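Student: Sequences and hints are given; from them, build the entire structure.
Taken in order, these protein sequences are the chains called A and B. All residue numbers in the first sequence are consecutive under the working numbering, ending with 271. All residue numbers in the second sequence are consecutive under the working numbering, ending with 1264.
Source of the hints: derived by calculation from the structure; they are not laboratory data. Be careful, since some hints might not be right.
Said to hold, decoys possible - For the chain B half of the interface with chain A, some residues (derived, Cβ under 8 Å), not all of them:
1. ARG1075
2. SER1102
3. LEU1105
Remember, predicted model here, so these are calculated numbers, not experimental data. Positions of the beta carbon are idealized from the N, C-alpha and C atoms, including for glycine.
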Amino acid sequence: MPVRESGSLKLWQRRTQRESLSHWALWLIGIAIFAYCWQQISEATTWFFVWDAPRITQDIWSRATPPKWEYITQLGKPIWDTLNIATLGTIIALIMAVPIAFLAARNTTPSLLLIRPIALLIIVSTRSINSLIWALLLIAIIGPGVFAGVIAIAIRSIGFCAKLLYEAIEEIDTTQVEAITATGASRWQIMAYGIVPQIMPAFAGIAVFRWDINIRESTVLGLVGAGGIGLQLSSSLNVLAWPQVSLILLVILAAVVISEWVSAKVRAAII
Amino acid sequence: MLRLEKLVKTYKTGDQALKAVDLEIPEGQVLALIGPSGAGKSTLIRCINRLVEPTSGNVYLDGTELTGLSAGALRRERRRMGMIFQEYALVERLTVMENVLSGRLGYVGFWRSFLRRYPQQDVDEAFRLLDRVGLAHMADKRADELSGGQRQRVGICRALIQNPALLLVDEPTASLDPKTSRQIMRLICELCRERGLAAIINIHDVALAQMFVQRVIGLRLGAMVYDGPPEGLTPDKLTEIYGEEDWEATIEKVEEEDDVEAAE
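Tutor: This is how it looks when you write it as structure tokens:
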């Protein structure tokens, strides 16, 4: 009861005495836990390295600058590979994602009880594993190189594209589909006239969005040997060739900026 | 030419939208279906072309029983029933021409329609129809660039290019302003007369229905409570269909509007 009477005065407090006491107790427990955790982390940390960090950063920075500009002649092919991995991977993913999306969407699936769960399972399983891990698996299966990278990107993107696409299919305006059905159109004609035009903007948006993401993802695939500029990055890191590393990072940055610009343009053109 | 026998529709929720409706429409008759929201007007016309599956009962179109047809046979019969919708239901991202030609989907194969290679006579007919409704210059516009009245005209062309024997018209004027509403209703009725089409027109606006049709059906809670000429809609009858309300104003308004029409 926050209101207390003392004589003719009515005193009002935010909390009763009990409430404010328990409040204080909770704060105390919270601080104690924080202090304990801090201590644990501190014991597990080699503080020497942390205190050393600014000096090391400075050291790497001084070694990495200026970038080794002449190295760029060797980067043309790898960055081209990277772009191709992203682009081809996205195209393959889209080809696979379209039928899966139609099978997964509630309003177009042939069977809600059997086929839809299978399609959803494909979407979830391809989406939940990172493309780097797909690449590791695929390198073991089909050997290192660009092809493994393309397939890794493609598999990782199927679930992403199919999920966004089937959500778009489920949100279409059903009266347009009804109208096409009423003309006596066949199942495939209903799809081509009633559904496809409605999901085209979503499809194009998803395609460039995923392509944009895949450019980033494909730059690291080389770290595990799946081709592209990541291969150069990992070998330069291994031999501590910092000026090369800094140049590679600049090239990746440029590629990402360009892809960002392209996808923004494409998206603006569709809408 | 169209006969409904004991048509019943019960939705999964248990709502009985249609209670054993019997109806016969002769060749070339334009009929208005009036009734409050939820009376089953939309359900009735959707049960005819089976966009909604009727629970029981029969529908005969020129002697063909529709409710028992296989998917393929149903598609062939649907070609003979053109449908016009309340919100136009055009495919918004396709052009006017594509929308009109989509009325021929029941006649052309998948690849022809997919590649937009319609037979020349279909294209000719599409241009003729667009010209008839005054939209010949709009053929290349995208459907979402058109105004409401223009879209409904495209919807009418799409229904007519099917070369139907029957038009199913679902609230054609509900999204239009009063003037456009009249123009659209007049256009539909004129075209029906020109081509000798029968039509069932669901309509909210009693006054508008009375102006244009020869026969009115009143539907209340899924059952027919009125079947007769538009002049027979007395305040008592309207009360039976819609419930208690002062109907004198509505009926007077009709007469006034008729005078205005005549003056124009």
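Student: Run every hint past the structure and note whether it holds.
Tutor: Hints, one by one, checked against the model:
Satisfaction of the interface hint for ARG1075(B) is found here, the shortest Cβ-Cβ separation to chain A being roughly 5 Å, below the 8 Å cut-off. With 8 Å as the threshold, the beta carbon of SER1102(B) comes within range of chain A, its nearest partner Cβ sitting at about 5 Å, so the hint holds. Interface hint status for LEU1105(B): upheld, as the beta-carbon distance to the closest one in chain A is roughly 4 Å, under 8 Å.
Of the numbered hints stated above, none is contradicted by the structure.
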